[in-house]
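Those protein sequences? They're chains S and X, same order as listed. Residue numbering for the first sequence follows the numbering used here, beginning at 1 and increasing consecutively. Residue numbering for the second sequence follows the numbering used here, beginning at 1 and increasing consecutively.
Keep in mind that the hints are not guaranteed to be accurate.
A short, non-exhaustive set of chain S residues, derived as facing chain X with CB atoms under 7 Å [what the hints assert, rightly or not]:
(1) K116
(2) Q119
(3) S164
If we take Cβ atoms under 7 Å as the criterion, some of the chain X residues that face chain S in the derived model are [to be verified]:
(4) I45
(5) T49
(6) A52
Bear in mind the hints are in silico, worked out from the structure with no lab data behind them. Ideal Cβ positions, reconstructed from N, Cα and C, are used throughout, including at glycine.
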Amino acid sequence: MSEPRTALVTGARKGIGRHLVEHLLASGWHVTGCSRKASELRHDNYTHFEADVSDEKAAKVLFKSIRNGFGRLDALVNNAGIAGMNHALLTPMDAVERVLRTNVMGTFLYSREAGKLMQRAGGGRIVNFSTVAVPMALQGEAAYAASKAAVESLTRVLAKEFGSLGITVNAVGPTPIDTDLIRAVPEDKIRDLVSRQALQRLGEYADVINVVDFFLRPESSFVTGQVIYLGGVS
Amino acid sequence: MERHDLLRLVRDTLDDYASMMPDGPPDTLDESTALFGPGGLFDSIGLVTFLADLEEQVNDEADAGISVADERALSAEKSPFRSIASLVDHLAARLNEE
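With the sequences and hints as input, model every part of the structure.
Here it is in structure tokens:
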């Protein structure tokens with residue numbers, strides 16, 4: 001029997017991350033998750049770390065544990081993210097910094113550490129999270145959209161840097177889903193946003209998991225540097 | 001870590017990366033062996049992956065957190081990655097700074 005595949009999911013405590021962890025566990029993966037707070041999820045093949053993804057020391061501890069425990073990492077899903085909805089004129093710099101630290105630096109840091117582990121095993125998969133706010137250039141989301149534009153750029157550059165190591169790097173760009181991230185957004189804003197999609201409905205967890213699954217499939221080894229938006233947004 | 005420990009670690013890690021050496025592993029390996037550049041063991045991506053692995057192994061063994069290829073190392077007039085000797089000296093210096 002072949003060894004189970006191992007995945008690391010950031011932002012694993014709730015929302016998309018939590019659903020993705022449960023999906024991977026059900027598919028036979030061994031999963032490590034992290035978030036700033038403890039997780040209530042209990043499963044024989046799940047390990048949770050309390051770690052802020054922009055904390056380099058915490059990342060080193062986490063990756064060392066994966067290295068010592070599994071000896072390898074097959075997939076990293078950089079799901080952890082924070083949003084900020086505010087007009088640019090009113091956005092304090094500490095809010096901008098928080099968004100950039102988690103979304104950009106966190107994705108960079110975890111991709112770098114995962115890349116080290118994966119290259120030794122001859123390859124792996126990295127899936128990043130963008131958003132339709134990037135192509136839609138949504139007002140009120142300057143810091144968030146800019147951070148995710150950086151994630152898209154990172155995705156494309158890392159795809160090239162990691163390509164010869166057998167590591168693919170792709171991104172999924174979800175539409176709004178009913179998660180904590182959009183709970184603070186006024187309903188009419190969400191309605192307006194959805195009306196600009198080719199497929200006019202809110203996204204569901206399964207929509208996102210489907211794209212992540214596609215990137216993780218062994219048959220997707222020739223797919224890298226791509227950003228797939230949901231809902232027909234381009 | 002003593003210098004001879006670092007040298008052993010570099011040699012052991014080089015053994016693991018023999019398959020990434022474009023011209024294959026050299027017949028003899030000594031401190032003057034060039035890692036990169038004309039006649040070097042690695043091309044650029046080979047050197048990067050070797051250094052990333054070596055960094056982890058050094059940090060594990062020394063219980064340290066050094067960065068092997070930070071801006072200071074990359075902008076040094078004489079690259080610390082030019083030979084095995086310079087790499088070992090570089091590692092020793094970084095560990096000393098911790």
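Hint by hint, here is what the structure shows:
| no. | hint | verdict |
| --- | --- | --- |
| 1 | K116 | 5 Å, holds |
| 2 | Q119 | 5 Å, holds |
| 3 | S164 | 5 Å, holds |
| 4 | I45 | 5 Å, holds |
| 5 | T49 | 5 Å, holds |
| 6 | A52 | 5 Å, holds |
Comparing the model with each earlier hint shows no violations; every hint is respected.
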